[in-house]
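Construct the complete structure from the given sequences, taking the supplied hints into account.
There are 2 protein chains.
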Amino acid sequence: MYIPQDTNSLLTILQQRRENLAQLVNFPVILWSGKANPRNFAANRFPFRASSHFLYFAGLSLENAAIRLENGELELFIADSNPDSALWHGETLPVAKIADLIGAKGCYPLEKLSERAENCATVCVQDMFTSFLQANVLSRPIYPSNAPEDIDLELAKAMVKLRLCHDTNSISEIKRAVNVSVAAHKAGIKATVTAQKEAEVRAAMEAEILANNMCCSYNSIVTVNGEILHNETYFNKLQKGDLLLADVGAETPLGWAADLTRTFPVRGKFTHSQRDIYEVVLAAHDQCIAQVSPNIEYKDIHLLAAQIITEGLIDLGILKGDPEDLVNRDVHALFFPHGIGHLLGLDVHDMEDLGDLAGYEENRRRSNRFGLGYLRLNRPLKSGMIVTIEPGFYQVSAILNNPTFRDKYRDDLNWDKLANFADVKGIRIEDDILVTESGNQVLSSALPTQIADLEQL
Amino acid sequence: MYIPQDTNSLLTILQQRRENLAQLVNFPVILWSGKANPRNFAANRFPFRASSHFLYFAGLSLENAAIRLENGELELFIADSNPDSALWHGETLPVAKIADLIGAKGCYPLEKLSERAENCATVCVQDMFTSFLQANVLSRPIYPSNAPEDIDLELAKAMVKLRLCHDTNSISEIKRAVNVSVAAHKAGIKATVTAQKEAEVRAAMEAEILANNMCCSYNSIVTVNGEILHNETYFNKLQKGDLLLADVGAETPLGWAADLTRTFPVRGKFTHSQRDIYEVVLAAHDQCIAQVSPNIEYKDIHLLAAQIITEGLIDLGILKGDPEDLVNRDVHALFFPHGIGHLLGLDVHDMEDLGDLAGYEENRRRSNRFGLGYLRLNRPLKSGMIVTIEPGFYQVSAILNNPTFRDKYRDDLNWDKLANFADVKGIRIEDDILVTESGNQVLSSALPTQIADLEQL
Chain B
0 MYIPQDTNSL
10 LTILQQRREN
20 LAQLVNFPVI
30 LWSGKANPRN
40 FAANRFPFRA
50 SSHFLYFAGL
60 SLENAAIRLE
70 NGELELFIAD
80 SNPDSALWHG
90 ETLPVAKIAD
100 LIGAKGCYPL
110 EKLSERAENC
120 ATVCVQDMFT
130 SFLQANVLSR
140 PIYPSNAPED
150 IDLELAKAMV
160 KLRLCHDTNS
170 ISEIKRAVNV
180 SVAAHKAGIK
190 ATVTAQKEAE
200 VRAAMEAEIL
210 ANNMCCSYNS
220 IVTVNGEILH
230 NETYFNKLQK
240 GDLLLADVGA
250 ETPLGWAADL
260 TRTFPVRGKF
270 THSQRDIYEV
280 VLAAHDQCIA
290 QVSPNIEYKD
300 IHLLAAQIIT
310 EGLIDLGILK
320 GDPEDLVNRD
330 VHALFFPHGI
340 GHLLGLDVHD
350 MEDLGDLAGY
360 EENRRRSNRF
370 GLGYLRLNRP
380 LKSGMIVTIE
390 PGFYQVSAIL
400 NNPTFRDKYR
410 DDLNWDKLAN
420 FADVKGIRIE
430 DDILVTESGN
440 QVLSSALPTQ
450 IADLEQL
Chain G
0 MYIPQDTNSL
10 LTILQQRREN
20 LAQLVNFPVI
30 LWSGKANPRN
40 FAANRFPFRA
50 SSHFLYFAGL
60 SLENAAIRLE
70 NGELELFIAD
80 SNPDSALWHG
90 ETLPVAKIAD
100 LIGAKGCYPL
110 EKLSERAENC
120 ATVCVQDMFT
130 SFLQANVLSR
140 PIYPSNAPED
150 IDLELAKAMV
160 KLRLCHDTNS
170 ISEIKRAVNV
180 SVAAHKAGIK
190 ATVTAQKEAE
200 VRAAMEAEIL
210 ANNMCCSYNS
220 IVTVNGEILH
230 NETYFNKLQK
240 GDLLLADVGA
250 ETPLGWAADL
260 TRTFPVRGKF
270 THSQRDIYEV
280 VLAAHDQCIA
290 QVSPNIEYKD
300 IHLLAAQIIT
310 EGLIDLGILK
320 GDPEDLVNRD
330 VHALFFPHGI
340 GHLLGLDVHD
350 MEDLGDLAGY
360 EENRRRSNRF
370 GLGYLRLNRP
380 LKSGMIVTIE
390 PGFYQVSAIL
400 NNPTFRDKYR
410 DDLNWDKLAN
420 FADVKGIRIE
430 DDILVTESGN
440 QVLSSALPTQ
450 IADLEQL
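For the record, the sequence lines run as chains B and G. Numbers 0 to 456, taken from numbering that gives the first Met the number 0, label the letters of the first sequence in order. Numbers 0 to 456, taken from numbering that gives the first Met the number 0, label the letters of the second sequence in order.
No lab work stands behind these hints, which were simulated from the structure alone. Treat the hints loosely; a few may be bogus.
Since the list gives no way to pick one copy over another, a pair counts as held whenever it fits inside one copy or between any two copies.
What the hints assert, rightly or not - The calculated DSSO-like cross-link candidates involving lysine-lysine, where the alpha carbons are at most 27 Å apart (straight line), are:
| hint | residue 1 | residue 2 |
| --- | --- | --- |
| 1 | Lys196 | Lys96 |
| 2 | Lys196 | Lys185 |
| 3 | Lys185 | Lys236 |
| 4 | Lys196 | Lys174 |
| 5 | Lys236 | Lys96 |
| 6 | Lys236 | Lys174 |
| 7 | Lys174 | Lys189 |
| 8 | Lys319 | Lys407 |
| 9 | Lys185 | Lys239 |
| 10 | Lys189 | Lys268 |
| 11 | Lys319 | Lys111 |
| 12 | Lys196 | Lys236 |
| 13 | Lys189 | Lys239 |
| 14 | Lys185 | Lys268 |
| 15 | Lys416 | Lys239 |
All values derive from a computational prediction rather than experimental measurement.
Next comes the structure, spelled out in structure tokens:
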């Protein structure tokens, strides 16, 4: 298990977070870390990843543990390692030492948890085994984390209040993740000059992450089919003239995520058509980032991206008409079907386990509109939030060949013009932005976005 | 999803496997592929890995699918992709086309499975969500895969009969996994010349696997603390004089595993003490491999390793006494506490999900002896089996500082001599061996084991 060097400063922050929680709820809370999932047999497991809510207060990635929080104090409940453990896994830190590191008031075997479980709230974890344990220990049903009830709902709302804006520790963790992700992208761009397969570029990028003792915060997307938004295979060959879209982010050993995307040419040079569309997406990217500051509605940034992309596509002759009218009728979503970004934190889509509770301001709901329904964040920005800005352009066959859309938007598109851009399948440019008192800080600014810089790397 | 190039030859083998099953059981069988496990939220998932028993008959890594096998014929049941799927995951192969590729007699929505579930046997999968589905569809309790009952037990025994010995397809898949693993180890040895951290060597090795569109068949062990047998962290710095133990294996996209270990010096040269112990382990490795052939008891190969290691340690002055007597009293297990190896196939410990059903010949049970209890395979070898041979030497603190052991084996050890070998924490040399009619074939023979070769790489 990873132990950070500066455990004192971690401890101070953890205690602050627990005190902040105590200001928000007047009931005790138990949070479970969860267990590793078996892969093809019990001893062959996926890497353990502790629940984010647990990590927020416990700091360390302790497997099969629970913390009880009340009045700003933490009690640690953790399974005793079995007698074989020292043989197979080495001497582990004594639990009392772990308890010290995270400032626990007490440390008990996991079996004792039921005795301290009365009237406690919780958040349902992702692994089913532990979620049953939660119901068992709390002697009541536990609903999925995106549909909590009663005190669990109150707790979820408190978690959102706490985790929406980052403290010095989480900002510095996310910066570490971002820095390693920047290095990974630079390695990927460099590898693309000679690589023959998507898989080689993915390998070069993830190797950079692994070499820094981090893991991927999500399954990498590294593909010449950038129009497949969640493409997680790497079987294609790279050919001169292809654009490669790489959406790859690191996660620190304490669980904090980065999320970056770049799109770059396979043999060092954009074609004219690729360059034209890239500049449209980049304009949206730059102008949206410039807007990031406290009190700005994130949805307005999304609509700004839609507007800029629409204007750009009109300039290129692909769309026809008045930009504002086109955006109001969701024409932009033919090519930019997703939202402009999301919250970033312990989860790459931060707190998405709570449904839209974190992403959407109270009393706001997802839109049914084609051009707004995939927006993951709809709140006024606040200092301390970290968000992604990730406009894109895609030629998604399921959209462009959808008969309803073709009919509805027939007069808005110049299909012949569009055919000239057949070598632009998918472009996305994504950065991680900290909202500051005075505006914003682009955490990933060390990774170039300009065509000239990408071609030189 | 990965589709192999030569689907015809895959199809022929799949049909053969199904016919073989029909010879062994007279009831219908349903096997589920399983589902990907969520990581920190539902949409952020661990990579999907289909159940091995499913893969054996279905060939392709289809998520959330089930196959019904009867009289050598296969019916495919698979969830229809939801309407959003084409937008996010691209156009997928139509299910009818998939059914064709794997030679299904029919193809139906997953919801229809209950109608065909009467009196069917199954093997419980690893993910809990699907295991509940199994009980639901079959309308009866499903016991864990290592404790099946009634027809499920009969099916498990049939699976063992089928999967113990490999066919041409599985041998060629495992050879592919081995070849990529060999390349990964060579990259690791090379990286160790300059790498500053364990993590860098791990990254170099796994990058080779990823670049070949494979994944790791288990969590890599890459550590200067080789005495921690299942060490899965990579936080140590590398220092001149350290030995690095790397146990890393690839898995093909169709699920077939390799499993290789090498131990090599951090800055290119073994010390004298490291060389002395390495040669002992290597002698055990070479002589054990030479023994691999049909009808040989695998347990005897394990005991041969124990004998050779014991003799070697006597020669070095670490142990005292008669080798045979020492092995009978498990003294070897102070330094070689695990078994000489295991079955290899779709699982890196093949069929370990079935407990010892595959590893142990009928009517044999695990020994309680310290020096035999961790032996995973206890059967006479047969042509077509693939096994690992992986002797080792470790100074495990939990063993060597165990008061019971220290007392019991006081007169068998020369502790002062042992102190001279303090820089030998853990050494293991592991290869993958196919049992052939006439003896064996070392599938990983392209990866050197000799000190001179390792120092030159």
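Practice prompt. Please write out, lowest number first, the hints stated earlier that are contradicted by the structure.
Written response: When the structure is compared with the hints, only number 11 turns out to be violated.
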